[in-house]
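So the protein sequences, as listed, match chains F and U. For the first sequence, counting from 1, position 88 maps to 88 in my numbering; every step adds exactly one. With positions in the second sequence counted from 1, the corresponding number in my numbering is that position plus 115.
You may find that some hints are simply not true.
Calculated pairs, BS3-like style, for lysine-lysine (alpha carbon to alpha carbon, straight line, at most 30 angstroms) [said to hold, decoys possible]: (1) K152/U with K57/F; (2) K152/U with K83/F; (3) K42/F with K182/U; (4) K42/F with K152/U; (5) K218/U with K78/F; (6) K78/F with K57/F; (7) K78/F with K152/U; (8) K174/U with K57/F; (9) K174/U with K42/F; (10) K78/F with K42/F; (11) K152/U with K218/U; (12) K57/F with K218/U; (13) K141/U with K182/U; (14) K42/F with K83/F; (15) K83/F with K57/F; (16) K152/U with K174/U; (17) K42/F with K57/F; (18) K57/F with K182/U; (19) K78/F with K183/U; (20) K83/F with K218/U; (21) K218/U with K42/F; (22) K57/F with K141/U.
Covered stretches of chain U (in silico footprint by chain F; criterion: 3 or more residues with CB under 8 angstroms from a CB of chain F, positions within the stretch not fixed) [what the hints assert, rightly or not]: (23) 152-164; (24) 214-223.
Simulated from the structure, these hints should not be mistaken for laboratory data. We treat Cβ as the ideally placed atom computed from N, Cα and C, and that holds for glycine.
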Amino acid sequence: EPEVTQTPSHQVTQMGQEVILRCVPISNHLYFYWYRQILGQKVEFLVSFYNNEISEKSEIFDDQFSVERPDGSNFTLKIRSTKLEDSAMYFCASRGLTGGTYEQYFGPGTRLTVT
Amino acid sequence: QQPVQSPQAVILREGEDAVINCSSSKALYSVHWYRQKHGEAPVFLMILLKGGEQKGHEKISASFNEKKQQSSLYLTASQLSYSGTYFCGTPLGSGNTPLVFGKGTRLSVIA
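Could you put together the complete structure from these sequences and hints?
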């Protein structure tokens with residue numbers, strides 16, 4: 001069964017450093033999302049991406065964040081200068097274009113720890 | 116704008132039933148239900164697209180009442196494997212939009 005994959009599973013970085021989180025969405029999906037979940041809290045939407053551009057973003061997704069689809073398979077989230085409050089689990093999700101349903105499938109997540 | 120879930124937490128013995136509710140202050144196009152186990156990604160359970168429609172996944176079913184802007188998830192004859200946090204998600208808008216999730220309901224099933 002196809003699945004969303006993410007790397008690394010855990011990233012530890014120092015405050016102010018840049019991090020890149022990587023995702024490989026399900027191959028025939030066209031909509032991609034990044035969500036984050038601070039420990040013990042709900043899943044929060046960050047950004048959605050379609051047709052090589054951002055389609056929606058939340059207020060969390062400020063100038064420190066960027067997304068890219070550098071090739072036909074990877075989807076990346078970059079945080080330019082990490083802050084302590086960026087520590088969270090980051091989930092990538094993808095959704096297919098065809099069909100009458102709108103399921104989003106989540107990857108296993110990257111746990112980001114900023115020290 | 117986020118959906119409101121109730122209860123916040125529930126403890127069940129194996130074989131007992133539970134209902135988790137999800138309501139919204141705005142019109143809903145669909146409701147998505149996910150289960151998340153500790154340290155893992157949310158796993159898609161089901162999506163409700165039409166008003167009053169019920170769907171099922173094993174012994175888990177759900178209903179969606181568009182008029183009342185709410186959905187309920189029914190867990191029947193609970194098993195230990197049902198333990199986790201259940202989230203409902205509703206689209207920000209119509210169509211191909213991201214999901215806004217509720218705060219979740221923590222379900223613990225004990226032997």
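So, going through the hints one by one against the coordinates:
1. A distance of roughly 27 angstroms separates the Cα atoms of K152/U and K57/F; the hinted pair therefore holds under the 30 angstroms criterion.
2. This hinted pair checks out: K152/U and K83/F have alpha carbons roughly 27 angstroms apart, not beyond 30 angstroms.
3. Proposed proximity of K42/F and K182/U is supported: the alpha carbons are some 26 angstroms apart, at most 30 angstroms.
4. At most 30 angstroms may separate the alpha-carbon atoms for a hinted pair to count; K42/F and K152/U meet this at roughly 13 angstroms.
5. The straight-line distance between the Cα atoms of K218/U and K78/F is roughly 26 angstroms, inside the 30 angstroms bound, and the hint therefore holds.
6. For the proposed pair K78/F and K57/F, the alpha carbon gap of about 14 angstroms is at most 30 angstroms, so the pair holds.
7. The suggested pairing of K78/F with K152/U holds, with an alpha-carbon distance near 27 angstroms, which does not exceed 30 angstroms.
8. Proximity of K174/U to K57/F is assessed by CA-CA distance (about 36 angstroms); at most 30 angstroms being required, the pair is judged violated.
9. For the hint linking K174/U to K42/F, the alpha-carbon distance of about 25 angstroms falls within 30 angstroms, and the restraint holds.
10. A distance of roughly 22 angstroms separates the Cα atoms of K78/F and K42/F; the hinted pair therefore holds under the 30 angstroms criterion.
11. Restraint check for K152/U and K218/U: the C-alpha separation of about 14 angstroms stays at or below 30 angstroms, so the hint holds.
12. Taking the CA atoms of K57/F and K218/U, the gap is near 20 angstroms; set against the 30 angstroms cutoff, the hint holds.
13. Under the criterion of a C-alpha separation no larger than 30 angstroms, the hint pairing K141/U with K182/U is consistent with the structure, at around 10 angstroms.
14. Simply put, K42/F and K83/F have alpha-carbon atoms about 20 angstroms apart, close enough for the 30 angstroms limit, and the pair holds.
15. Between K83/F and K57/F the CA atoms are separated by roughly 19 angstroms; this keeps the pair inside 30 angstroms, and the hint holds.
16. Only pairs whose Cα atoms come within 30 angstroms are accepted, and K152/U paired with K174/U is accepted, the gap being roughly 18 angstroms.
17. Annotation: proposed proximity of K42/F to K57/F holds, straight-line Cα distance about 17 angstroms (limit 30 angstroms).
18. Under the criterion of a C-alpha separation no larger than 30 angstroms, the hint pairing K57/F with K182/U is consistent with the structure, at around 29 angstroms.
19. For the given pair, K78/F sits about 40 angstroms from K183/U by alpha-carbon distance, which is inconsistent with the 30 angstroms threshold.
20. Under the criterion of a C-alpha separation no larger than 30 angstroms, the hint pairing K83/F with K218/U is consistent with the structure, at around 24 angstroms.
21. Among the hinted pairs, K218/U with K42/F is consistent with the structure: their alpha-carbon atoms are about 5 angstroms apart, no more than 30 angstroms.
22. Restraint check for K57/F and K141/U: satisfied, since their Cα atoms lie roughly 20 angstroms apart, inside the 30 angstroms limit.
23. Residues of the region 152-164 of chain U with a Cβ under 8 angstroms from some Cβ of chain F number 7, which satisfies the need for three, so the listed coverage holds.
24. A stretch counts as covered by a chain when three or more of its residues have a beta carbon under 8 angstroms from one of that chain; for the region 214-223 of chain U and chain F the count is 6, and the coverage holds.
Of the numbered hints given earlier, the model fails hints 8 and 19; all others are met.
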